[in-house]
Every structure is written in C-alpha cells, then in structure tokens.
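Produce the entire structure from the sequences given, and follow the hints as far as they go.
Protein chains: 4
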Amino acid sequence: MLSAIKTQGRRPWDGIIPEVELAIYRKTGWGTPTGLGKHPALLIIDVQYRSMGDEPLPIEEAIKLMPTSCGEHGWRAVPRIARLVEAFRSIGAPILYPHVAPKGPQNRGQFEQKVPGVMEVPQHGYDFVAEVAPQPEDILIPKFQASAFHGTPLTSYLVGLGVDTVIVTGCTTSGCVRATAIDACALNFKVVVPEDAVYDRSQTSHAVNLFDMANKYADVMPTEQLLIALRQIAAAG
Amino acid sequence: MLSAIKTQGRRPWDGIIPEVELAIYRKTGWGTPTGLGKHPALLIIDVQYRSMGDEPLPIEEAIKLMPTSCGEHGWRAVPRIARLVEAFRSIGAPILYPHVAPKGPQNRGQFEQKVPGVMEVPQHGYDFVAEVAPQPEDILIPKFQASAFHGTPLTSYLVGLGVDTVIVTGCTTSGCVRATAIDACALNFKVVVPEDAVYDRSQTSHAVNLFDMANKYADVMPTEQLLIALRQIAAAG
Amino acid sequence: MLSAIKTQGRRPWDGIIPEVELAIYRKTGWGTPTGLGKHPALLIIDVQYRSMGDEPLPIEEAIKLMPTSCGEHGWRAVPRIARLVEAFRSIGAPILYPHVAPKGPQNRGQFEQKVPGVMEVPQHGYDFVAEVAPQPEDILIPKFQASAFHGTPLTSYLVGLGVDTVIVTGCTTSGCVRATAIDACALNFKVVVPEDAVYDRSQTSHAVNLFDMANKYADVMPTEQLLIALRQIAAAG
Amino acid sequence: MLSAIKTQGRRPWDGIIPEVELAIYRKTGWGTPTGLGKHPALLIIDVQYRSMGDEPLPIEEAIKLMPTSCGEHGWRAVPRIARLVEAFRSIGAPILYPHVAPKGPQNRGQFEQKVPGVMEVPQHGYDFVAEVAPQPEDILIPKFQASAFHGTPLTSYLVGLGVDTVIVTGCTTSGCVRATAIDACALNFKVVVPEDAVYDRSQTSHAVNLFDMANKYADVMPTEQLLIALRQIAAAG
Numbered sequence: 373m374l375s376a377i378k379t380q381g382r383r384p385w386d387g388i389i390p391e392v393e394l395a396i397y398r399k400t401g402w403g404t405p406t407g408l409g410k411h412p413a414l415l416i417i418d419v420q421y422r423s424m425g426d427e428p429l430p431i432e433e434a435i436k437l438m439p440t441s442c443g444e445h446g447w448r449a450v451p452r453i454a455r456l457v458e459a460f461r462s463i464g465a466p467i468l469y470p471h472v473a474p475k476g477p478q479n480r481g482q483f484e485q486k487v488p489g490v491m492e493v494p495q496h497g498y499d500f501v502a503e504v505a506p507q508p509e510d511i512l513i514p515k516f517q518a519s520a521f522h523g524t525p526l527t528s529y530l531v532g533l534g535v536d537t538v539i540v541t542g543c544t545t546s547g548c549v550r551a552t553a554i555d556a557c558a559l560n561f562k563v564v565v566p567e568d569a570v571y572d573r574s575q576t577s578h579a580v581n582l583f584d585m586a587n588k589y590a591d592v593m594p595t596e597q598l599l600i601a602l603r604q605i606a607a608a609g
Numbered sequence: 373m374l375s376a377i378k379t380q381g382r383r384p385w386d387g388i389i390p391e392v393e394l395a396i397y398r399k400t401g402w403g404t405p406t407g408l409g410k411h412p413a414l415l416i417i418d419v420q421y422r423s424m425g426d427e428p429l430p431i432e433e434a435i436k437l438m439p440t441s442c443g444e445h446g447w448r449a450v451p452r453i454a455r456l457v458e459a460f461r462s463i464g465a466p467i468l469y470p471h472v473a474p475k476g477p478q479n480r481g482q483f484e485q486k487v488p489g490v491m492e493v494p495q496h497g498y499d500f501v502a503e504v505a506p507q508p509e510d511i512l513i514p515k516f517q518a519s520a521f522h523g524t525p526l527t528s529y530l531v532g533l534g535v536d537t538v539i540v541t542g543c544t545t546s547g548c549v550r551a552t553a554i555d556a557c558a559l560n561f562k563v564v565v566p567e568d569a570v571y572d573r574s575q576t577s578h579a580v581n582l583f584d585m586a587n588k589y590a591d592v593m594p595t596e597q598l599l600i601a602l603r604q605i606a607a608a609g
Numbered sequence: 373m374l375s376a377i378k379t380q381g382r383r384p385w386d387g388i389i390p391e392v393e394l395a396i397y398r399k400t401g402w403g404t405p406t407g408l409g410k411h412p413a414l415l416i417i418d419v420q421y422r423s424m425g426d427e428p429l430p431i432e433e434a435i436k437l438m439p440t441s442c443g444e445h446g447w448r449a450v451p452r453i454a455r456l457v458e459a460f461r462s463i464g465a466p467i468l469y470p471h472v473a474p475k476g477p478q479n480r481g482q483f484e485q486k487v488p489g490v491m492e493v494p495q496h497g498y499d500f501v502a503e504v505a506p507q508p509e510d511i512l513i514p515k516f517q518a519s520a521f522h523g524t525p526l527t528s529y530l531v532g533l534g535v536d537t538v539i540v541t542g543c544t545t546s547g548c549v550r551a552t553a554i555d556a557c558a559l560n561f562k563v564v565v566p567e568d569a570v571y572d573r574s575q576t577s578h579a580v581n582l583f584d585m586a587n588k589y590a591d592v593m594p595t596e597q598l599l600i601a602l603r604q605i606a607a608a609g
Numbered sequence: 373m374l375s376a377i378k379t380q381g382r383r384p385w386d387g388i389i390p391e392v393e394l395a396i397y398r399k400t401g402w403g404t405p406t407g408l409g410k411h412p413a414l415l416i417i418d419v420q421y422r423s424m425g426d427e428p429l430p431i432e433e434a435i436k437l438m439p440t441s442c443g444e445h446g447w448r449a450v451p452r453i454a455r456l457v458e459a460f461r462s463i464g465a466p467i468l469y470p471h472v473a474p475k476g477p478q479n480r481g482q483f484e485q486k487v488p489g490v491m492e493v494p495q496h497g498y499d500f501v502a503e504v505a506p507q508p509e510d511i512l513i514p515k516f517q518a519s520a521f522h523g524t525p526l527t528s529y530l531v532g533l534g535v536d537t538v539i540v541t542g543c544t545t546s547g548c549v550r551a552t553a554i555d556a557c558a559l560n561f562k563v564v565v566p567e568d569a570v571y572d573r574s575q576t577s578h579a580v581n582l583f584d585m586a587n588k589y590a591d592v593m594p595t596e597q598l599l600i601a602l603r604q605i606a607a608a609g
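First to last, the sequence lines map onto chains A, B, C and D. For the first sequence, the residue numbers in the numbering used here are 373 to 609. For the second sequence, the residue numbers in the numbering used here are 373 to 609. For the third sequence, the residue numbers in the numbering used here are 373 to 609. For the fourth sequence, the residue numbers in the numbering used here are 373 to 609.
Hints were generated in silico from the structure; no laboratory data involved. Where a beta carbon is used, it is the ideal one built from N, C-alpha and C, also for glycine. Any given hint could be a false lead.
[As the list claims (entries may be wrong)] If you want the footprint, here are the derived chain B segments under chain A, 3+ residues with CB under 8 angstroms: (1) 476 to 489; (2) 514 to 528; (3) 575 to 589; (4) 595 to 604.
So, in structure tokens, the structure goes:
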C-alpha cells in the first residue's frame with residue numbers, strides 16, 4: 373500500500389462546520405487517511421443529463437428545464453471526471469457506470485414517494501453525458517436505489533476484478549455518492565472521493581457530506597491529488 | 373395507510389441550509405411525507421455508554437472520558453427514546469437493538485482505519501444505556517458496520533415480522549442512523565426518523581443529515597408528532 | 373395463515389433417496405409444511421428459449437440445437453406455469469420474471485468459467501417463452517447469478533409489495549430455483565415450489581433438489597394442490 | 373493463477389447420477405475446473421457437536437442422542453478438515469468459522485418452522501468440535517441462515533483480507549455448504565469443495581449436491597488433491 377495522503381490547505385467544509393465541532397473530531401482521531409490500495413476501480417455515478425441538464429446553467433435556471441438537475445455544479449465536475457477516466461484508461465484499470473435506470477410504474481417505491489419528480493424524467497435525461505460516456509469495455513450498472521451496491525451486481529464485479537479501492541465520482545454527493553461510499557467502506561474496500569468530481573444541488577449539504585465521508589468512510593481529496601496517487605500506482609505497477 | 377404528516381414550524385436545519393438552497397428542493401418536490409404503514413418496528417441504534425458517556429456532560433468534557441461519546445446530545449435523546457419504547461411495548465410492536473459489537477483485532481477494517489479510536493472503547497462502553505436497555509423479548513442485532521442492515525440478519529427479522537415501517541432512533545445521525553435510513557428506504561420500508569431521538573457529535577452535521585434524510589429517505593419529525601401517529605395506528609389496529 | 377398442507381401420495385424423490393435415509397429425516401422432524409401466507413408473489417425464473425429450445429424435443433436432441441436446453445422437461449412445465457399465471461392474474465397478485473440477462477465479455481465470472489457454454493447462447497435464446505411471457509404490468513428482474521435475489525432489486529420489490537410468500541417456478545431445479553428458494557427462506561418469506569412447474573436437465577438432480585428444498589426451505593407440492601391453496605387465499609381475500 | 377486441476381478416477385456421484393444424464397453435462401461443457409487463486413480462505417462451517425454428536429456412532433444411533441447429528445459421516449470428515457487447518461496455519465492463510473448461533477424464540481423463522489428440531493439443540497451442541505476448534509486468531513461468524521454469507525459480515529472479511537478463493541468444509545453438504553458455495557460463486561470468488569471434508573445425513577443427497585456444485589459453482593476434489601494445490605500456492609507465494 374502506498375503511504376496515505378494528508379490533505380493540506382482549505383477543505384470544502386471550512387466555514388460550514390464550526391471550529392468548535394472540528395476540534396472534537398480532531399481530538400478523538402476521526403478522519404485518518406488510509407491511502408489507496410493497488411487495484412483501484414473508478415465509479416462514475418449518475419452522470420446522465422438528468423443530473424445536470426443539457427448545458428451549463430445556474431441551478432435555479434436548470435431546474436426549470438430538468439427538475440432533477442444540479443446545473444452548473446454538475447458541469448464543473450465533468451472535466452475532473454474526464455481526467456480520471458483518462459488516467460484509468462491509461463493504466464487499464466476498470467471503469468464502472470452505476471446509473472439511474474429508467475423508472476416504470478413498478479418502481480414507485482419509498483424513494484419515489486419521497487421524491488415524486490424522479491418519475492417524470494424525460495427519456496433523454498437518462499443518456500450519459502457525452503464528455504464522459506462509457507466505452508464498450510466499461511461496465512454498466514443500472515440501479516434503482518441510491519447506493520451503487522444495493523440490488524446490483526457491483527460487489528460481484530469488484531471481487532471478480534480483484535479490486536481493493538473504489539474511487540467514487542458523480543452525483544449527488546448527499547445521495548448516491550454518500551450511499552455508495554458507506555457501502556464500499558462497509559465491504560472493506562478502500563474508498564476515495566475526489567471532492568471536486570462529485571456534485572450536488574445544495575452546496576451546504578455537499579460540503580457536510582464530504583466532511584462526514586472524510587471522517588468516517590473515505591479519503592476525500594482534490595482530483596489533482598488523486599491523479600498523483602494514481603500515477604504512483606501506475607509506476608509501482 | 374394513515375395520511376402522511378406535514379411537519380409544521382421550525383425545522384432542525386433552519387439557519388444552516390440557506391433559503392436559496394431550500395427553495396430549490398421546494399420547487400422540485402423533494403421531501404414529500406409518505407406516512408407510516410400499519411406495522412412499525414422501532415430500531416434503537418448504538419444507545420450504549422460508548423456513545424454518550426456515563427453521565428450527562430458537555431461533549432468537550434465527555435470525550436476526555438470516552439472519546440466516542442456525544443455527551444449531553446445523547447443524554448437529551450434518551451427520554452424521547454424511552455417514550456417510544458413505552459409506546460411500542462403498549463402496542464406489542466417489535467423493538468430491535470442494532471448495536472456496536474465489541475471489536476477484536478480481526479475487525480480492523482476500512483472504518484476502523486479511518487477512526488482508530490473505535491478500537492479502544494472499554495468493555496463497559498458496549499453496555500446498553502440502562503434507561504432504554506433491551507428486555508428479553510427484544511431482538512439484539514450486533515453489527516460491525518454503520519448500517520444496521522449491513523452484514524446482519526435485520527432484513528430477515530423485519531420480513532419475518534411483517535414489518536412495513538422502520539422507526540430509526542439512536543446515534544449517530546450522520547453515521548449509523550443515516551446509513552440505516554438509506555438501506556431501509558432502499559428496501560422499500562417506510563422510514564421515520566424522530567429528529568430529537570437521534571444524536572450526533574456535530575450539531576451541524578446532525579442538522580444537515582436530518583435535512584438529507586427528510587428530503588430523500590425518511591419522514592423526519594419530532595418524537596411528539598410520531599407518538600400521535602403511533603396512537604392512530606394503535607386505534608386503527 | 374391458512375393451515376399448512378400435508379402432501380400425500382408419491383413424492384418425486386421416491387426410489388432415489390433410499391428408505392433408510394428418508395427414515396432419518398422423518399424421525400428428526402425435517403420437512404414440516406409451513407403453509408402459504410396471505411400475500412403471495414409468483415416468480416417465473418429463466419423461462420426463456422435458452423432453457424428449453426424452440427420446440428419440445430428429447431433433451432438429447434434439444435442440446436444439439438441449444439446446449440443450455442432442458443428439452444421436453446421444460447416444455448412439460450409450461451402449461452403448469454401458465455395455470456399459475458392465470459390464477460395470479462385473477463387475484464391481482466404480483467408476477468415477477470427473474471431472467472438470465474444477456475452476457476457480455478464483462479460477465480465472464482466464476483460461474484461462466486465453470487460453464488463456458490452459457491456465454492454462447494444466441495440472442496433469441498434470451499426471449500421469454502411465448503406461452504408464459506410477461507405482460508406490461510409484470511416485473512422484470514434481469515439477473516447475472518443463480519439466485520433471483522443475488523445482485524438484484526428483488527427483495528426491495530417484495531418488501532414494497534407487502535409479499536409474505538414466494539412461489540418459485542421455472543428452471544433449473546438444481547440451479548436458479550434452488551438458489552432462489554434458499555435465499556427466500558433465509559429472508560423469512562414462506563416458500564412454495566410446485567414440483568411439476570420446475571424443471572432440470574438431470575431428472576435425478578431435479579428429484580434430489582426437490583427433496584432438499586422440501587426438507588429445509590420450501591413446501592413442495594404439485595401445481596394442482598397449490599392452485600387449491602391459492603383459491604383459498606382468494607376466497608379469504 | 374495455477375492451472376486448473378482435472379479430477380481423475382471415481383467421483384462421489386458415480387452410480388447415483390445415471391450415465392445418460394452425465395453425458396448431457398459432458399456434451400454441453402458443464403463442470404469446467406477453474407483452479408485456485410493466490411489468496412485462499414478456509415471456511416469451516418457448523419463443525420459443532422450438534423452436527424455429529426459427541427462420539428462416532430452410526431447416524432441411526434447418533435440421532436437418538438442429538439437429532440441434528442450426521443453421526444459417523446461427520447466424524448470421518450474431521451481428520452481431513454484438520455489437515456486443511458494445518459495447511460492453512462502453515463501458510464498463514466485465514467481460517468473462518470461460520471457456525472450456527474444458539475437460537476432463541478426470536479429466531480423461529482421460515483427455516484425453523486420447516487425444521488422445528490433445530491430449536492431444541494442443547495447448549496453443548498453449539499460447542500466447536502475440539503479436534504478442529506478455532507484459535508484466537510481465527511474469525512468467528514455466527515449465522516442464522518444456511519449460507520455463511522447471508523446476514524453476516526463474511527463478504528466484508530473476505531474483501532478486507534484480499535481473499536480470491538474460498539475453500540468450503542463442514543456440513544451439511546446439502547445445506548450450509550451448498551448455500552455458501554452458491555453465494556461464494558455468485559460473488560465471483562473461486563470456490564473449492566473438498567468432497568471428503570464435507571458431510572451430510574443423506575449420502576444420496578450428499579453425492580448429488582457435490583455433483584451440482586462440481587458442475588456449476590465449485591471445483592470438487594478429494595482433500596489430498598487440494599493439499600497439493602495449496603502446497604503449490606505456498607511455493608509460488
């Protein structure tokens with residue numbers, strides 16, 4: 373295992389979680405970095421037009437066209453995800469696309485009752501965003517619940533591929549990303565969340581979910597820093 | 373099904389999630405209340421001395437004696453949990469205690485590497501808090517991960533008992549409560565989180581996790597309001 | 373719950389499991405019938421042309437055209453499954469179709485290495501057998517492993533529908549039917565396997581798997597007897 | 373990966389599965405050996421006195437003292453399991469003990485209704501058989517259902533340990549061994565069942581379950597042959 377990475381500088385939750393609360397976590401040893409393993413997989417979750425609309429717009433405008441959209445927040449993450457895709461393709465590591473499966477009347481479950489709007493997404497909204505769309509060698513994971521592991525064959529794929537580290541990108545930070553990170557950690561995969569390659573409709577919730585994941589389940593770091601770690605893995609190859 | 377409950381008045385996340393973000397959720401129909409079913413189960417998660425210390429102290433003091441403690445935040449939740457226990461006993465509905473199993477060296481997994489302190493909890497810390505401790509007819513669910521469903525027989529118990537609604541209490545809001553609510557929703561149980569019967573070490577994270585759950589996975593309401601709904605179930609029974 | 377059904381007369385495993393072994397099970401109380409609950413669901417597993425070929429042929433001939441075929445054994449089960457479908461439609465109870473998803477190169481897992489031929493099934497082999505094909509209101513469950521529960525949202529559907537009893541039909545008795553019955557029992561659903569509505573390529577393995585399931589996991593009975601029980605449920609409605 | 377092993381000579385199901393049925397499997401390519409990986413784990417399932425009684429007796433006698441006993445069939449497997457334990461200890465590979473957890477009234481689920489006798493096992497019956505009992509460094513997995521994976525943290529342990537191959541020993545072949553092999557295969561672990569280190573109350577069912585597993589889910593071989601493969605792993609290590 374490569375040595376764990378200590379993230380420096382400004383963190384996404386600075387100014388949102390008060391210092392008095394940060395001190396409690398610091399004093400009791402939460403959020404220890406665990407580093408990457410040798411066999412990472414990249415998860416690109418729900419990067420479909422339903423989650424960002426067809427073009428970069430402020431979220432207040434974007435939701436008028438596509439109510440499930442995160443607007444510009446999503447579009448800003450795309451180039452970072454694209455760089456991770458490129459890095460994974462160059463080392464031949466697996467890329468998986470857990471994505472929202474189109475919902476029929478049978479899918480009106482508890483989540484759909486909480487959020488009825490998800491039943492109204494137009495067909496086009498389920499298309500993958502072209503800039504980071506899957507290639508034939510990638511693995512598609514249609515899913516019906518928040519976690520990419522819940523009710524899907526994801527665990528079987530990861531075990532079969534010998535993966536030890538899961539990189540979680542996409543959206544939303546407070547929804548499918550968070551749920552997936554919890555499950556990946558519970559299964560004892562190492563987990564990394566590149567903080568600027570995930571996105572949400574609420575920036576406050578985005579930041580606090582990054583804080584929660586960084587303390588409990590995942591190493592949270594900028595994409596730039598993750599790319600350096602991936603190059604180390606490739607070099608150690 | 374009883375009619376869903378519209379929560380009134382001040383919400384725990386007011387003043388933390390800005391109005392401009394709240395407006396986005398409101399406009400796009402997140403957080404619709406779904407109501408309770410007919411067969412609720414009460415989950416009391418991790419209400420062990422490890423999560424609140426032996427007596428009510430401010431969290432800054434409590435963590436000096438028990439680093440995993442939430443201090444007074446936990447102690448304040450105990451009487452609300454006790455009222456729910458009483459209500460469940462009076463209608464003969466099941467009470468389950470998912471709880472942290474003592475950790476041996478074999479349990480040093482991804483979570484324990486993120487939070488090494490959880491390996492150092494003294495044996496006494498695993499005892500149930502006396503005020504709401506299990507009775508012989510209750511169901512104990514030792515667990516090793518955040519979600520009460522992960523790697524446990526909880527789903528089998530709930531199916532066998534014919535449960536359709538899961539009430540989640542205990543701690544932490546941003547840890548095991550959140551992870552359990554996600555899984556319960558993904559399994560299509562109705563989910564209720566009584567906002568003052570769950571607790572955390574960060575009040576900001578507590579509030580934002582309630583916001584996330586209220587929008588996506590659970591009906592979030594004060595214990596008082598939930599007790600009224602439970603009485604309606606008993607009367608309809 | 374309706375009173376459990378005691379199956380009379382000749383059993384499928386008579387003449388295969390020796391009397392001396394049957395006596396051991398009898399003396400120690402295995403195979404107690406548990407009866408149906410009030411809310412059954414019908415699973416029709418893998419009733420696709422891949423599992424029986426395009427027309428009824430002896431299995432020795434059928435495998436020359438479709439190597440995964442069970443030949444006539446499958447075709448004989450179809451009219452019994454059709455009667456169950458009719459019964460379920462008449463009472464408005466849910467019908468679910470767990471079925472083999474077409475396999476791409478990414479699906480070459482442990483099972484596909486044991487049975488390389490499953491990678492070569494022609495596209496037409498994945499079509500549902502017309503006599504019992506799904507209608508728009510039915511639920512499709514593509515699956516990649518033997519059990520209809522493994523890596524699929526089946527549990528979520530059953531919980532959401534309030535199902536308490538799972539009827540397992542289709543194929544193969546020693547493969548997906550057995551694996552599904554084990555999981556359904558483990559989840560505390562009541563399980564029924566109509567012995568002449570499931571099929572296999574080995575009649576010996578078919579019979580012994582029915583024996584195993586009847587003793588441990590499921591009530592095993594002829595379709596005729598199950599239809600009577602379903603009428604009782606409808607009448608009690 | 374080591375080259376897969378082609379098992380020679382007499383197979384446990386010879387004389388039980390007729391040649392005409394064996395020919396169908398042979399012609400259509402079932403039961404291809406897949407070999408071991410580099411990181412095996414040994415599962416010793418339910419080798420507790422409840423499954424074999426206190427001393428070797430013919431099963432007909434043994435069930436009078438302990439109704440869940442497999443009698444001599446179990447005792448014959450013990451020295452083979454002991455040799456595997458020794459081999460695993462010598463290479464420092466993990467040994468896990470999925471075992472039947474004592475059953476309280478809350479555990480009267482679907483399985484316990486099929487087999488009421490399992491509720492009556494005396495406390496001593498839950499003790500591990502001394503000859504192959506766990507050491508402090510081994511991992512205990514209490515379980516309530518047939519599969520060692522169902523409702524347990526077994527997957528998390530195997531992922532955390534970097535295991536790629538699961539060796540399944542213990543009992544019963546037609547119960548917990550079979551259920552565990554199905555799940556291990558579904559998760560894409562390589563699976564080996566040493567045919568003389570697993571046991572059952574019915575010799576017919578034992579043989580047919582080995583046949584099913586050998587064709588679909590696992591490499592089935594004598595313990596002697598597995599020990600050779602393990603020595604190759606140790607030498608390559």
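Evaluation of the provided hints:
Remark: the stretch 476 to 489 of chain B is confirmed as covered by chain A, as 8 of its residues place a Cβ nearer than 8 angstroms to a Cβ of that chain, reaching the required three. Requiring three or more residues with a Cβ within less than 8 angstroms of a Cβ of chain A, the coverage given for the stretch 514 to 528 of chain B holds, as 5 such residues are present. Figure legend: the stretch 575 to 589 of chain B, annotated as covered by chain A; annotation consistent (10 residues with Cβ-Cβ distances under 8 angstroms, at least 3 required). Here's how the stretch 595 to 604 of chain B fares: 0 of its residues keep a CB closer than 8 angstroms to some CB of chain A, so the rule of at least three is not met and the hint is violated.
Hint 4 from the earlier list is the only one contradicted by this structure; the remaining hints agree with it.
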